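Number of protein chains: 2
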Amino acid sequence: MSNAQSPATSRRSERSRQAILTATRELVSEVGYGKVSIEAIAARAGVGKQTIYRWWPSKGAVIFDSFLALSEVTGQEAALPDTGDLAADLRLVLRATVAEFADPDFERPIRALNIEIIHDSELAIQYREKLAAPVDEIKKARLRSAQEAGQLDPDADLDLVLEFLYAPLFQRWLLRSGPLTADYADSLVETTLRAFRP
Amino acid sequence: MSNAQSPATSRRSERSRQAILTATRELVSEVGYGKVSIEAIAARAGVGKQTIYRWWPSKGAVIFDSFLALSEVTGQEAALPDTGDLAADLRLVLRATVAEFADPDFERPIRALNIEIIHDSELAIQYREKLAAPVDEIKKARLRSAQEAGQLDPDADLDLVLEFLYAPLFQRWLLRSGPLTADYADSLVETTLRAFRP
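One line per chain: the protein sequences are A and B, in this order. For the first sequence, my numbering begins at 295 and goes up steadily by one. For the second sequence, my numbering begins at 295 and goes up steadily by one.
Honestly, the hints are just simulated from the structure, not real lab data. Where hints are given, some of them may not hold.
Stated by the list, open to error - Here are the simulated distance ranges between beta carbons:
#1 A:381 - B:352: 23 to 33 Å
#2 A:375 - B:343: 33 to 43 Å
#3 A:355 - B:394: 32 to 42 Å
#4 A:492 - B:308: 57 to 67 Å
#5 B:429 - A:308: 49 to 59 Å
#6 B:402 - A:331: 19 to 29 Å
Keep in mind the model is a prediction, meaning the values are calculated, not measured. Idealized CB from N, CA, C, for every residue including glycine.
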């Protein structure tokens, strides 16, 4: 047996893989993590169960990858812009994040994933290691460049800076406790930068 | 028929009510909101189903009241102390809150309730109106007194002040993304007060 694939086979594989990931995200949104089955994913993606098991060892693994893939697609907010103006760059990113969370189609699968993470401490560790921590590192690189440019307290705890920037938005979105607007994004940036002024 | 009850009957009623609320909280923690049934609550509380339906119209109503009752029992953090020193008062309250969230027995039912609120937008509105908003009002009264004493920016948006104080803790607890310590509580108070300095 050879692992070499023809270009046509490779394109078919990639199409199947994407179909499986899309079907998984849709099903998690519709019925919740707990009720999604490999059978249902296979049926919706138009593949056999064995195709899924060839690539993923478990239901948890395919669901997790389906969200990883989503974050790769929409991961532009991970790479913070660096125009040299920290406040302007953060406003841009926070406004985009607020707009995403205010969009029902976008937020629904992320909400379903968060519910599972909040419920399941093992999944929380996986999520932290594979997704949240790498994204935070990218954001912290931008904050470090602002520290060097004298725009942010050089002694600031950067994990705390990120929590102040994002946690109020996260809470407001999760609990639906207030409006998600561009003004709100701006006030998160302004308040956080006031707290961590050099 | 008369509504008058003898003192003994009234004591028995109160005991049944408390047994129902306790059984409800325990079951929500153990099996999750979705799987709790009125039958199971009645069995664990040692009452008949009709006793529950006499006081509550639905499963949702008894579950909600069971958490309201919990917040009345442990509601001391709602009434913020007022010694005249805002930083000291907030440190006391935030340290107590952090300690509660770090206690598995305490946090488990609150986590179960939050998962339901995050999932169910109708329950989120009820929670906001009946529980979160009144508690926030009590906290804001303390912040207003600090504004009058010149310890907090008189123009500060008090909802935003509360979000900066509590949302990082809420997120860290929900996602298990960092340690819940007294030092962390202190840094939330210090950072928030720096942002909203007069």
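Verification of the supplied hints:
About 49 Å separates the C-beta atoms of residue 381 (chain A) and residue 352 (chain B), a value inconsistent with the hinted range of 23 to 33 Å. Under the hint 33 to 43 Å, the C-beta atoms of residue 375 (chain A) and residue 343 (chain B), about 60 Å apart, miss the expected range. For residue 355 (chain A) and residue 394 (chain B), the Cβ-Cβ distance of about 35 Å falls inside the hinted range of 32 to 42 Å, so the restraint holds. Taking 57 to 67 Å as the suggested C-beta distance range, the pair residue 492 (chain A) and residue 308 (chain B) conforms, at roughly 59 Å.
The hinted range of 49 to 59 Å is satisfied by residue 429 (chain B) and residue 308 (chain A), whose Cβ atoms lie roughly 51 Å apart. A beta carbon spacing of about 28 Å between residue 402 (chain B) and residue 331 (chain A) agrees with the range 19 to 29 Å that was offered as a hint.
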